[in-house]
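K.L.:
Chain residues, written in single-letter form:
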Amino acid sequence: MNIRNSKYSEALQRYTQKIAKASTEDMVLNMGPQHPSTHGVLRLELITDGEIVKEVIPHMGYLHRCFEKHAESLTYQQTIPFTDRMDYLASMNNSHIWSMGVERMLGIDKDIPKRIEYIRVLVCELNRIGSHLIAIGTYGIDIGAFTPFLWCFRDREHIMGMLEWASGSRMLYNYIWIGGLFYDLPVGFEERCRDFVNYFKPKLTELNQLLTDNQIFISRTAGVGVLPMDVAINYGCSGPMLRGSGLKWDLRRIDGYSVYPELDFDIPVGKGEMGSIGDCWDRYKVRVDEIAQSLKIVEQCLERLQKELKRSPDFDPRAKMPRKIIPKAQDFYIRGEGAKGELGFYFVSDGKSEIPTRVKSRGPSFCNLSVLPAIAKNVMIADLIAIIGSIDFVLGEVDR
Amino acid sequence: MSLDEIKSLLIEKFDERIIVGEETTGIQPALLIDPDRIADVCLELRDNPKTYFDFLSCLSGIDYGIEANSFGVVYHLASIPYQTQLTLKVSRENNRDLESLPSFPTISSVYRAADWHEREAFDMIGIFFEGHPDLRRILVPDDWDGYPLRKDYKTAEYYKGIKID
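Residue numbers (my numbering), protein chains in the order written: chain A, 1 to 400; chain B, 1001 to 1165.
Just to be clear, a hint being listed does not mean it is correct.
Said to hold, decoys possible - Straight-line distance between alpha carbons at most 30 Å, and here's what the computed DSBU-like set of lysine-lysine pairs gives: (1) K69(A) with K1151(B); (2) K1151(B) with K352(A); (3) K1154(B) with K328(A); (4) K271(A) with K1050(B).
Claimed, not checked - Not close to chain A: a few residues of chain B, all C-beta gaps over 10 Å, as computed: (5) R1017; (6) G1026; (7) D1034; (8) P1035; (9) R1037; (10) L1043; (11) N1048; (12) K1050; (13) S1057; (14) D1063; (15) R1137; (16) V1140; (17) E1157; (18) I1162; (19) I1164.
Said to hold, decoys possible - To spell it out: a stretch of chain B is covered by chain A in this simulated footprint if at least three of its residues, at any positions, have a beta carbon under 8 Å from a beta carbon of chain A; those stretches are: (20) 1027-1033; (21) 1079-1089; (22) 1108-1114; (23) 1141-1154.
Quick caveat, the hints were computed from the structure, so don't treat them as lab data.
By construction, the Cβ of each residue, glycine as well, lies at the ideal position given by its N, Cα and C atoms.
Using the sequences provided together with the hints, build the complete structure.
P.N.:
Here it is, written out as structure tokens:
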């Protein structure tokens, strides 16, 4: 097929001409796809004038694994391992939202036992802490602070170990299933988790002393990459990105799915303490504060799981699992708060088959990354690194 | 605001033909909108103080199958001030010829978030968005043949002379 001269290739030609013109007048610099600061295989084409970045053109797709195509040829249950591979730093959250969507379509979301829901929230919040620890650690290393990276990975290792104990895998769990769980928590998990919370709380204070209040870190991030709230909303940013811009918007509260309405936690927002509202430091700080809130949720879940929802020998986490998953003919969009923001799945079911007709996934990183060309105009190249790190995207989710 | 109120608001602002149908069978009702005026509808819903649908959650292109021969786009809007959600749909019959893609107006001037989502729909399903500022492929390479999420897509055997296993 030759599309070279049709109206469908006009944009491509415009782009080629722009780059050709820029390479004679300015300098075109390729950052990535193997650059360590792009957090994966992202290629940024920079049009630069000396040290000033005039324009950023992101190119992605290097990690495209046809998630939607796979989902359209497998049953709902079989797709769960693929959802794990989207945002591979917070796999639990992905499979939780996927399962929740299918359960709502089947109309069984109210029948899920409380213990299962609490275990789901517990592992999701642990995974969220792990994901935010990576975000903070790699952000530090991006702008030259090496120690926080090692500390964050040390503490994340405990979470990895616990989730491996529960699911059998370190990163890609396949633990939350439609209508239930893979297994109940192993005996002694609650106690070990409590030990971790007690161990981790002082470490969080240490991390704050080391990085959050570090003057070098503040000078590199405060007032850099300011994202105003209206721009953030218009670009579809969500999660810590949107909250960093000062909007109290958390789907765990807004939609109140699973058992989140029964839990007590705050929603941290950016206040512009060091620079202006919505700068890189604010986005970083929101993640640090969210870790503390997630710890609070974990503690409350443990409290319930050890008291009124105690494990019993006859408890079967697979009891409510449907044998055949055939939702009624309908389409349904489910959204939930992943570690990076609003994670959504759009299902179209024909009511006859076990395989969905169409699945679209809305990755939060995809939308968060799309704002980069808007906020990285006329910044220094070094500041661009700071902005990229503060967005905290995972390329597995951008490319799917 | 309920779905009926939004409906009457749109009919009042535009005319009767703006809404071509309604889907109320599933758990999420949807409004079917006249494809040519979807951008105006989105702009109205975004700026009207009674609705304020200021957040585009998701935009999905759909191929409705080989028999139906029609293509659609589904918009999931959310209102941050009112904490509500709304689904809008447009669809159009079109042949499967790769030289004449189904075409809808872009809403990337209303929601900048639609920019990349529309590029993705173009890339994957082959839906053209009129007036889009930069409608290049986004996930697969620029010289890729065909649109992978179409129902009649045949997996490529070669890419630039290299056999794909």
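K.L.:
Out of the numbered hints, which ones does the structure contradict?
P.N.:
Of the numbered hints, 6, 13, 14, 15, 16 do not hold.
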